[in-house]
Every structure is written in structure tokens, then in C-alpha cells.
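Colleague: Order-wise, the sequence lines are chains A and B. Going by my numbering, 710 is the number at position 671 of the first sequence; the sequence numbering is gapless. Going by my numbering, 153 is the number at position 128 of the second sequence; the sequence numbering is gapless.
Mixed in with the good hints there might be a few duds.
[As the list claims (entries may be wrong)] Listed next, with one range per pair, are the computed distances between beta-carbon atoms:
#1 A:563 - B:55: 30 to 38 angstroms
#2 A:589 - B:69: 42 to 50 angstroms
#3 A:720 - B:50: 39 to 47 angstroms
[To be verified] Cross-link-like lysine to any residue pairs, in silico, SDA-like; alpha carbons within 25 angstroms at most:
#4 A:143 - B:247
#5 B:122 - A:304
#6 A:143 - B:202
#7 A:228 - B:191
#8 B:122 - A:631
#9 B:122 - A:314
#10 B:122 - A:292
#11 A:631 - B:202
#12 A:143 - B:65
#13 A:613 - A:722
Source of the hints: derived by calculation from the structure; they are not laboratory data. Given the structure is predicted, the values throughout are model-derived calculations rather than measurements. For each residue, glycine too, the CB sits at the ideal point set by N, CA and C.
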Amino acid sequence: MNAAVYAVDEENGVRIYLSLDLRVDRTWWASRPETSSAPYANRIKHRSSDLPKKGLRVLSFGMPLQWASRLAGQSLPSGFAKGKPAVWERWIRSSLRHELNIEKPETGSALLGLEVEPQVQGRGPYEESWSNRQDRLDASDSLSEPHWKLRLPEHADTLVRLMEGRSLLSEELISMLRELAPEMEPHWKPIVQWAYLQRRIKLCSAVGKSGEEQGIGSSFDAGGLPDRLPGKIRLRSAGGRLPAHRCMRCGSEAAGGACAACGSADCARCEACRALGRSRSCGLLLQGPPRAARGGRGFPGAARPGSGPAAASLPQAALRARLARWKLSPAQTAAAELAVRFLEAEPGPARPGRAGRELRRGGGFFAARAETAAAASGGRRPDSSGYAASDPASRFLLWAVTGAGKTEMLFPLIESVRSWGGQVLVATPRRDVVLELVPRLRAAFPDEAPAALYGGSEERWRRSGITLATTHQLMRFAGAFDLVVIDELDAFPFHGDPMLAYAAEKCRAAGGRTVYLSATPPKSLQSLVRSGRLACAKVPVRYHRYPLPVPELLRISPLVDCLRRGSLPDPLLKRWRHSLERGAQIFIFVPKIVQAEPLAALLRRVFPEVPIGATSSQDEERSDKVLSFRSADVRILVTTTILERGVTVPRSDVYVWGADSGLFDEASLVQMAGRAGRSADDPRGRVVFAAVQKTRAQAGARRQIRRMNRLAVPFLLPTERESSRTPKR
Amino acid sequence: MSEATGIFGALRRLLSPRLESCLVCGRSARLGASLPLLCESCAARVPRIARPRCPICGRAHGCPDCLRPEAALRAFVMNRSAVVYDAVMRAWIAEYKYGARERFAEPFSILLEQTYRRMQLELSKPFAESGPFAFPRSVFDSSRRSSAWSADWITWVPVSAERLEERGFNQAELLGRRLAGRLRLPAGELLARSVHTGKQSFKTRAQRLQNLDGAFCLAPNLDPRFFKQWDSIGSGKDPRGSFPIRILLIDDIYTTGTTAAVCASVLKTLEIGFGRPVLVYSLTLARS
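Bound-form chain A, shown alone (with noise of 0.2 angstroms):
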């Protein structure tokens, strides 16, 4: 996309302005008067007399995307507004220097668009002033002018509401104009460009460059500069690190090559977010507004309107009354309890370390230092776990062991920000999960409709209190949320992507709260717990109220010997008939892909009349498969990591073969064991972790589930809570 450029001479300096549409700018700047800075609300009027002594200046009426957004916005020397053209060619010149030295020369000349009409007796482009273009502009213009100046402000409000805490492409902007204003996607362009005037909406272009030196424009000296640099300074700046490209949308790096679309030889095009449309340096990308701060949020403990008092000064009694409701069991309580004063605590004093004050300056702010922070200490990008560390008092992890019933915990951390207003985004790493959370958030929420958003979602556009999305779909958002809830914190695709990680970040509004979700938090955020500089709330027990299956070591030969020689070792056999004659449903995880299906045959010949399924991330059939696992219709599933979690089987006991191998970690382990036991009728499931050795995962996740079943004890029906106080093997 190409965007012309102007300056204005404003009442402090001479700013510059990208366009979308010169029409609208013409508009807008005849409808000011001369020196005011007037609200946007003024009527339009049209004086055409005064238009010629704007001193405005057309720079030029088409330029890459990406070096107008670059020059857009710079305020200049009132001296300027007065230069000839050759020194605002300069100036031109020398702000995309770094930009036109990977251009050839003349391509470079010609992309800058200075010169897109011939020159009339001597006189440059520059001097074109508004009445000289008019006539060509008005020629063009195709939409009738009363009704299209008229609009125009109610449009571009409709606009502004819409991009309400969103940061959008161009072209899912003009998507989600078609679906829920038709009449505004035409004539995009006009409104969008109305609105950055008014400023309420902020455009760049959707790559841009980090590690810029600051400052070019201040630091111009206007006469200075010859007009092509010389041989010396373009050899550094060659030489030294270029500026590498950066997604403004997702925060990855991406590389420059030649595009059509703006004719640029160095516009890059992000790949890491690829599938949430092309983000490239020449396409626009829209940021809207930040969520505003509504009902003296901010401080949501002093003035939260009508919800009474607030839970932090709340007497235990009435927080357990207002929970009741939920229908918890007493550790969802213990832990709701906490989360909920945390939510409606103020921020600041009361919480460890300083960023408590600087909450309110917002995600984007910590995003940043973080960003920074990394970069200072070797050049990798922060996770979620390094945002929290930027940031922990903004922070909540709810750290529940499986089978806890997360979801049911956060009903009354929705409600909560529910009563203010506030806006709720629940993500989770994946689609299938979103899609079970719906119905149960709409059965807890009747009146809020809550919006499900992931890729192919029939609502992509619709707004609500309380949003339910993958993670990937929060990288459409920037400032909107109150509380962003992260589920499976520690799953695939979110864990270790610092994409996504940077998505969550930016979607949360200025002063908006996280809560982590997870059963197996990684080490990073557990060190942060231990050394209490991120709050958490430990759910040990699961909904049943009986301990975890702690997991049995096995010393077994290798799983590659036994299918190679094709017998089975007897240890293994011996407990899969006991498993079989209980009736339980056998989960068998193997490390690889390769490995599930041969297993899954050998077994079928050492059980002929025992159903018996295999499947991996590979198997279109997963689904099914999973299904009939579930009804009891397959006995025994022999599969990989990719069901380590998410899947509840009522009666089931879990072995784990190659327990020992690198791609089970302890996390991977305690999720798959996290398997066995789910249901009140059958909570004593076997784990079995058969291994050649024992790995540090393994003593790991058995620790781990051991040191959850000695925190569970006060909540343990009972009848546990006898048997638990006598040793286990």
C-alpha cells in the first residue's frame, strides 16, 4: 500500500502527516481554523477562500507505506514550513536514508513519488497547493461530496468504537467492516483516515524496523546535510547492524525482500503470524484505542460502582457467601477465595516489589521492558514466565493439579470483573478446548453470550464481556481486556512461543490483571512462587477429593528391543491383564509416532479379543478414535504426547513406556499420569512409569505429585485422610 505525505505548520513546529486519502485531509484541515487546535467535534464548514493559505505542504503523493509511516508523525522546525523544496527533499532524504541505500538509486527516486506530475513553470511539487490539485481530486472523487462529509464523522465514531482495544490489519479491518457496519467498507479508507485525524486511532505500517537510532528527525540540521550522503557514512551504516524488521502485530523478526505491492525492494513480510493474515512492512496496520478506564477502574477496590464493598476489605464470611453460589468444593473455595481478592485488591503497597505503581501505565509498557530486558541479556525473546518476572504483581497463578476442575474456579474471577464492567478474555492454547468451554461458560453466564473466537469461528467480529479465544486469535487485540485469564499456560503452542507470549501481553488493557492456569507450571514461574514475588493459589486435591495415583517406577527392557523382537515384557503384561480384568481403559504413552502402531499390533496379537487403537498428531481420525476410547468401545489406546492432556476417560490407568526418554519432561509426565483416576467412581487409577532408568523427570513428577497429595490432606475425604497418614511404600 502506498500513503502520501504532508506537513502542516502547526502552532508548535511543522508536523508531519501520512494519508490515506488526501480528500479527507483537505476536508479536515479547511474545516480548522487557522492556528486553533479545536475538538474534532466541530462542523464541518467549507471555506473554500482559505484553503491555498493552509501551509500545508504535499510531500509527496505516494510513498511505500512503511516510510511514510516512518516520517509520519516527526515535528520539525517551524523554519521549515518555509524551505524550499530541495530542503525538504533533504530532510526526506536523509530520514529514509537507511531505507533508500538498499534501494537502486533511480527505483528509490521514483518510490519516494516527490514528482508524480510534471513540474509547471518551475514550479516544484511542493508548492502545489491544495487548490491546484483540487480540481483533479474532485474528478475522482466518486462518492457524492454533502453525503460523504456529512457521514464521515459518524463513521468514523462507528469506526473508533469498533477498533475499541484492537490492532487489526487493513484487511481484516475491511472484514470485519463487512460484517458488522456493510455501508462503511467502501469507503474505508476516508474513515479510517478522518479518525487518525482526530486521532483516535494510530496507523503504521504492520513491519516495521526496531533498533533504529533515535532522534533523526530532531537532530537534522536543515542546511547541513549535502543532498546525497557521502561514501563514508553509507559504507557504515552498511556495515554496522541494520535495523532488522520487526511484526508490530506479533513482535517476531522477519526478513525484507522486493514486493509488488509497494514496489519497495526491502519489504518484509512476517511469517510467524502468517495465518492471521499478511502482515508485511507495506501493509497497514490499525491500532484502535485502548480500553478507556470505565467506573473509576484503576483502583477498582476504592470506587467500583454498585457491587458493594470490595472483596479485599470483605470479611471472610461474606466472600465465602458471595462464592457459595458457585458450588465449590472446600479447596476450589481456598483458592477462589485468593484469586478473588487478588482481582479486586489495589494495586500498589500492598504487593511486593515496585511494579505495582507502574500497573496502570498498561501491558504495552511491560511488553516493552521486557523486550528491552531480553534484549540486554543476549538477544532472546521473553516467554510469559519473563513477563512476570518484569511484572509479577499484576500476576496470578492458579496452580491446580489435573482433574481439579479449573474451570469452575474461574466463574467467580469472571463474575468479579463481571460486576464492574469489566472485559474478561479467557485463551487457551487450543481450538478443541475453547469449543468445550462454551457451553459451559454460557450455562454459568446466561445473560453475557460469551464470544468464541479461534480460526474458522463463525463469530471472528463479535464483541462481549467475556471472550473465549485461542491464543493465537489474541494477536488481534491490543489494550482490551481487564482480566486475561491464560489456560494450560505450560501447552503447546503457547509454551516457548514468545509470539503468542507477546500477544497475551499486548491484548491486556492498562491496569488488567492475569491469571495463569496450570497443573504443571514451568520452573520459572514455580521459582517466582517460592521466592513470593508472584501470588498463587494451590489447588492440591482434585473435585472428588481423593489423593492423585501416584506413579509406580518400573525397571523394564527398552521399548525398541521388545517391538523389534516382538514379545512383550511379563511386569507389563501382568498389570495389563489386572488392568483389563478391573475394567479399566489402558492409556499407553510412547515417545514417538513411529512407535504407536507397532505396539498397538503386537498387542493385538498378545490380546486378540481386546479392542485395541493407536493414534498421534498425524491420525486424521484422532478425534474418533478418542471418542470410542471414551465410550469403552477401544480398551487400550496407545498413543503420544499429543494426549497428554485436555482428554477425561472415566475409568483408566495410565503406563507411560520409555518413561525415561528425553521428550517426556516432568510436566509431560505429570499431565499423562494426571490421566488415571479422573472419575468419583473410580479415583485410584494405576500410573505406571516403565522405564530402562530412572530419569530426574521421572523422581521429578513423582515428587511433585507426592508433595500436591501432602498439601491435599486437610481436604481429603475422611476416610483419605486416614489411609494418607500412613506411609506409602
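Since chain A is already given, all that's left is putting chain B on it; use the hints.
Modeller: The following block gives chain B in isolation, referenced to the frame of chain A:
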């Protein structure tokens, strides 16, 4: 100490295999053994057309299209495609075209190059008299005389300005330019799209034909140097000056051959300005 780690670091880098993530599956593996940027298992999924069944359109299986009477009127000589347009290639080409993953141009252009080489072999050996491939005699005579068949100019199917703005690149041009670089053949734009037609993939055969009628024209300001160059190519090969110029037309997918036929007939109009016969050969990445 730092020097030692430097040396060991360099040694380590030298000795350890260079693992990069595969363009398709993203796994780290040793790439580029058979196709650049792709791991072995992904490269093995490419459904190459080793031996085309249809001598005209290069289809891997029987081809009713080329038996239609109107097929004989098509302005291109033949088409060859590198791969079958199956589910795998559909996904890859979609990634390349719509997903802005231009790096696919690298393996794709290698596939095109291999197909071009096969095409060369095929066309350079004299045809049997009774072959199913009715061809102007004189062409073969001259081609036998002047060693091997080769294209003289590479061009590609253009896309409309709207599409270019949307995608940021012409998928066929990128392939064509890379192929030309590999083969050291001259390349350049000869065609332009005069009207913006919808996507061909949503249309039926009849619609496709009607849709493309007049959709292409010669590129507006063709550089006269092109013709000079051609002249010298032609006279170099055949001093008596009756030698045809062979244009290789690159596109991503060949479905009914309509696009290739329309483009070829436009390219044929070059004969008027140029005064030599023009033969158009189509080379596409995929054949559906």
C-alpha cells in the same frame, strides 16, 4: 580462554551437522538433500511427473482434453508440468501464493529446472514419424541440425494489479526469474493482464474460456532491445533466418490449459512485429 572457546566453537560449528527447520513440517533436520529448504520426508512427498502420458499437455494419466477437436487449435506447442496437483501440492502452493511464503520459490524452481531438463532431452531426440505428435517438419529438421532444443526466452503469466497489490508478488514471475537465473536464459515480462478476472479456480471450463477472452495483452512498453536480442539469437542459430523463437511460458498450475492457450495466442502476435515464427512452450509447476 575466550580464544579457546572461540576455536572450539568454530570447530563445533564446523563438525556438527547444520540443522535448520524444514519449510513444510518445521522439524529440524538436515535440509536440501533432494530439494532445498525441505527435509527428506517432506521432499519424498512431492508427486513428481517422471513420465508424462499425454505428449501434449504433460499429464501423468490419460488426457481426454487434448483429444477434443478444439485442442488442436491451441496456440502453444506443448505443456510440461513438474508435479501432480494433489493434496500435498495444493497445500504447498496455497502456502506459497496466499500464505506469503515466498521461500517455496526455491524448491519449486528446482522442480521446474528438472522438468525443463527432461523436456530438453525429450525434445532433442528425433521423433518417430508415426508419433502421435503432429509437428511441423521443418522445426524438427532444424532442431536436429542445431544440437539440442532449448528455450530462447522465459516469460510468465501475469497477474492483475489488484492481485499483485494483495499478494505482493507474482508467483509465476518469481518462479520464472529464478528458473531463468539457473538456466542462464534471458527472461522478461512480455504479457500484461488487461482486465481483472476472478480466480480461475472457482470457474467451470466454459466460464474459464469466456472469462479469459481478451484478459491478456502484450506488455505495454516492450523494450525494443528484446527484439534485438532475439534477432541475434535467431541468426546465431540459423544464419538463413528462418529459425523460430521459442518462448517458455511459466505458470503455477495447469488445469484446462486455457490460460496457457490464451497467453500463447497473444504471444503469437509478436510474430508480426518481429518477423519470425514464435513457438510457445508452457512449463508449469503442477498439473491437475
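Colleague: The structure should be examined with respect to each hint, and the outcome stated for every one.
Modeller: Now for the hints, and whether the structure bears them out:
1. Checking the proposed 30 to 38 angstroms range against residue 563 of chain A and residue 55 of chain B shows it holds: the Cβ atoms sit about 32 angstroms from each other.
2. Range check, residue 589 of chain A to residue 69 of chain B: about 45 angstroms between beta-carbon atoms, so the 42 to 50 angstroms window is met.
3. At about 42 angstroms, the CB distance of residue 720 of chain A to residue 50 of chain B agrees with the hint of 39 to 47 angstroms.
4. Restraint check: the Cα-Cα separation between residue 143 of chain A and residue 247 of chain B comes to about 21 angstroms, which is no more than 25 angstroms; the hinted pair holds.
5. The straight-line distance between the Cα atoms of residue 122 of chain B and residue 304 of chain A is roughly 19 angstroms, inside the 25 angstroms bound, and the hint therefore holds.
6. Restraint check for residue 143 of chain A and residue 202 of chain B: the C-alpha separation of about 19 angstroms stays at or below 25 angstroms, so the hint holds.
7. As the CA atoms of residue 228 of chain A and residue 191 of chain B are separated by approximately 16 angstroms, the hinted pair is consistent with the 25 angstroms bound.
8. A hinted pair counts as satisfied when its Cα atoms are at most 25 angstroms apart, and residue 122 of chain B with residue 631 of chain A does not qualify at roughly 33 angstroms.
9. Restraint check: the Cα-Cα separation between residue 122 of chain B and residue 314 of chain A comes to about 13 angstroms, which is no more than 25 angstroms; the hinted pair holds.
10. The straight-line distance between the Cα atoms of residue 122 of chain B and residue 292 of chain A is roughly 21 angstroms, inside the 25 angstroms bound, and the hint therefore holds.
11. This hinted pair does not check out: residue 631 of chain A and residue 202 of chain B have alpha carbons roughly 42 angstroms apart, beyond 25 angstroms.
12. For the hint linking residue 143 of chain A to residue 65 of chain B, the alpha-carbon distance of about 38 angstroms lies beyond 25 angstroms, and the restraint is violated.
13. Between the alpha carbons of residue 613 of chain A and residue 722 of chain A the distance comes to roughly 21 angstroms, so the proposed pair stays at or under 25 angstroms and holds.
This entry does not satisfy hints 8, 11, 12, going by the numbered hints stated previously.
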